[in-house]
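Put together the whole structure using the sequences plus the hints.
Just so you know, the protein sequences line up as chains C and X, in that order. Quick note: the first sequence uses this note's numbering, first residue 12, plus one each step. Quick note: the second sequence uses this note's numbering, first residue 123, plus one each step.
Check before you lean on any hint, since a few could be wrong.
[As the list claims (entries may be wrong)] Just a sample of chain X residues kept apart from chain C, beta carbon distances all over 12 Å, derived:
#1 V160
#2 Y198
#3 M247
#4 I259
#5 F285
#6 Q303
#7 V313
#8 K314
#9 R346
#10 L398
#11 F410
#12 G411
#13 R412
[Claimed, not checked] Taking beta-carbon pairs under 10 Å as the criterion, some of the chain X residues facing chain C (in silico):
#14 V235
#15 G242
#16 G254
#17 G350
#18 F353
The set of hints was computed from the structure by calculation and includes no laboratory data. Every residue gets a Cβ at the ideal spot worked out from N, C-alpha and C, and that includes glycine.
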Amino acid sequence: MAWHGQTGTRRRWIVGVLIGVMALGTAWAPAAQAAEPIKIGFGMALTGALAGNGKAALMAMQMWAEDVNKKGGLLGRPVELVYYDDQTKPAAVPGIYTKLLDVDKVNFIVSGYGTNVIAPLFPIAMERNLVLMGLFGMANNEKLKYKNYFQIMPSGPNPALGWSQGFFEVAAKQQPKPQTIALVGADAEYPHNALVGAREHAKNFGFKVVYDGKYPPSTVDYTPIIRAIKATNPDLVYVASYPPDTAGIIQAAQEVGLPVKMFGGGMVGLQFAALQTKLGSKLNGVVNYEFYVPEPTVNFPGINEFLARYQAQAEKAGVDPLGHYIPPFSYAYVQILGQAVEATKSLDQKKVAEYIQANEFNTIVGKVKFAPNGEWAKSRVLMVQFQNVQGSDVAQFKKAGTRVVLYPEDWKSGTLIYPYSKAQK
Amino acid sequence: MFSLDLLLNAIVAGILIGGFYAAVSLGISVSFGLLDIVNIAHPAFVILGSYTAYAMNRFFGFDPLLTGLLFTPVFYALGVVVYRLYYLGFERKGEESLRGLVFFFGVLFIVEVALLLAYGVDYRMIEARYVGQSFHIGVVGIAFRLLLPCLVGLMVTVALHLFLSKTFYGRAIKAVSQDSQALRLMGVDPVKIKRIAFALSIATASLAGALLILIGPVEPSIGREYIGRVFAIVVLGGMGSISGTLAASVILGVVESLTATFSGPSWAPAVSFGILLVVLAVRPAGLFGR
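What follows is the structure, given as structure tokens:
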């Protein structure tokens, strides 16, 4: 009996193992066949000066990958994002992308956030004829004219001009027409480009430049600069600044009492809740650029759902709780790449690049069509004015009414309160 | 564009920002000037002070200046710990020059990353009733945002000057910078004196950080912007001279302000460092150095 019993136990054990192996085999078969993932590689600013935007961008890209994978992936293959922290350092970029291409064997590369980290990526992409999706680079391709480059910031085919077009268009329509302008910005890459465009606009629109100055990014106190501007008595002040200088300049303008008719233009930082909530009502009257604001005229399919999901995760992730600036566009630039892969049914760089160049894409930031230089075919830089801002409640910036769109006409949602001092009352 | 109104305002703005520079530089003046410790992480401790003020303001509604003052003992204790590590790891072995510098670079990164993990990467500002308010004396406009840091900077400078010149420990700190062996022969432990001095230098960072976040927004790595400026001030004023640090801070503040007002702000660093070069050529020990 014992022997039989042992035999029975052994048989049951063998049968159990066989069934288990078969079951595992059945479960593993589709997974094995479900091919390798399509890898998209990039470096992103997760530490360093631009990490605030970099982390928010990464979160949006992960949301896109999640959405795509829920629907079965691209070409039936799951999407995998392979990324490294570029520390906001351009010098780290070549090493990161070489590793992505040669070791991680990614199928596509997209850029990290910002002009400075996109620039060193061009030699790598051009040498291997890769599709290069750019995230918020300003005029990177002006001289290189690389045909496979596509940049998602909606500053139009001539970014330096498109950036400040709205500020000057709006100013020129006021009565009596402003006559003089002061131009000021940080001594750095982006402000330099923005001021080049602003100077050209000033000339074209017939505004006399009475102050044209740059300040070092390490400046602590901006009151001497604002006083110097005030002494030239300009009608308009165009500012191209980074977040810490933006806050310093607005505070100094309040303290000094800047008696101008329009103030703002290219101030980075006012798109984020951190500065919006802390500057509060001091923002009223400031006219500044935006790419998306929650006004009824600026509504694209999918954007509200995206923002609702993003905002639900943002606070926990320690990123901008509004997500109006970078996140929708970082979702969109991988969305375009995904649509091109699906449409061409190919991972071939040339085919995908040609498709992106030739077609218009429906994205959560609206319809996107690229110009031959890889920038948006038509600028959609919004010029908005801060109005009715009260206190520091972030909820007011999630609704329409605090950032009224003045330009372009197609997206206009309100009228300019003119002059600047009137909007502050 | 020149006018008396602009000139007066530029000078006053320069003095105000100079008072703030003094508050930030005092710690370096003690650690680098008196103890010969190249504490390159000092600006990171200043930023830690800013975030402490931010957190106490956000969660408990504390005034940043009050927080800066309340947390000086905590920063003092932190300074004791950092010096102990530095002493055991490097100074005792006579490896303080190069490896000590690397140690402080490491401390700088650790403080930055810790702040990054705790608060994220966004810029942080502070709410206080007096931020954004200003008043006029004649044609001169004075912002509370700049006046308070200046006054606090001046008070800390005076307090530190009195401590170093009137108290036993203060005089011992000065003595250790001149001849630690002689101090030992007098029955005083130079390591203990250096520990107190270094901890004191870190304690000033608590107040300096609170002042910094009053002036403008901060993010974890913004301290690096101040490294060059504060070391330049200490060298210009004369190594270890507290009154020299104050004088150099005000000179640098006024020069920056005048340059920004009349010649274009982009010239401000060039003119400031030009003055530093000229002073060092004429007086290699700095304005008040011996």
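Check your understanding: Would you say X:I259 is clear of chain C, with no C-beta pair closer than or equal to 12 Å?
Key -> holds, 14 Å
Check your understanding: Is the Cβ of X:Y198 farther than 12 Å from every Cβ of chain C?
Key -> holds, 26 Å
Review point. Does the no-contact call for X:F410 survive, Cβ to all of chain C over 12 Å?
Key: Per Cβ check, X:F410 is outside 12 Å of chain C; nearest 23 Å; holds.
Exercise for review: Check the non-interface label on X:R346: least C-beta distance to chain C beyond 12 Å or not.
Suggested key: For X:R346, whose nearest Cβ neighbour in chain C is about 9 Å away, the distance does not exceed 12 Å, so it is violated.
Review point. Is it correct that the beta-carbon of X:V313 has no partner in chain C closer than or equal to 12 Å?
Key: holds, 36 Å
Exercise for review: Decide, holds or violated, for the assertion that all CB atoms of chain C are farther than 12 Å from the CB of X:V160.
Suggested key: At about 20 Å from chain C, X:V160 clears the 12 Å cut-off, so the statement holds.
Exercise for review: Measuring Cβ to Cβ, find out whether X:Q303 lies farther than 12 Å from everything in chain C.
Suggested key: holds, 41 Å
Point to revise | Minimum beta-carbon distance criterion (10 Å), X:V235 to chain C | key: It holds, given that the least Cβ distance between X:V235 and chain C is near 8 Å, below 10 Å.
Review point. Does X:F353 pass the interface hint, meaning its C-beta sits closer than 10 Å to a C-beta of chain C?
Key: violated, 13 Å
Check your understanding: Taking the minimum C-beta separation from X:K314 to chain C, is that value above 12 Å?
Key -> Per Cβ check, X:K314 is outside 12 Å of chain C; nearest 36 Å; holds.
Check your understanding: Would the stated hint for X:G242 survive a check requiring a Cβ distance to chain C of less than 10 Å?
Key -> holds, 3 Å
Practice item. Please confirm whether X:L398 is truly not at the interface, meaning its C-beta sits more than 12 Å away from all C-beta atoms of chain C. Key: holds, 15 Å
Against the hints set out earlier in the document, violations occur for numbers 3, 9, 18.
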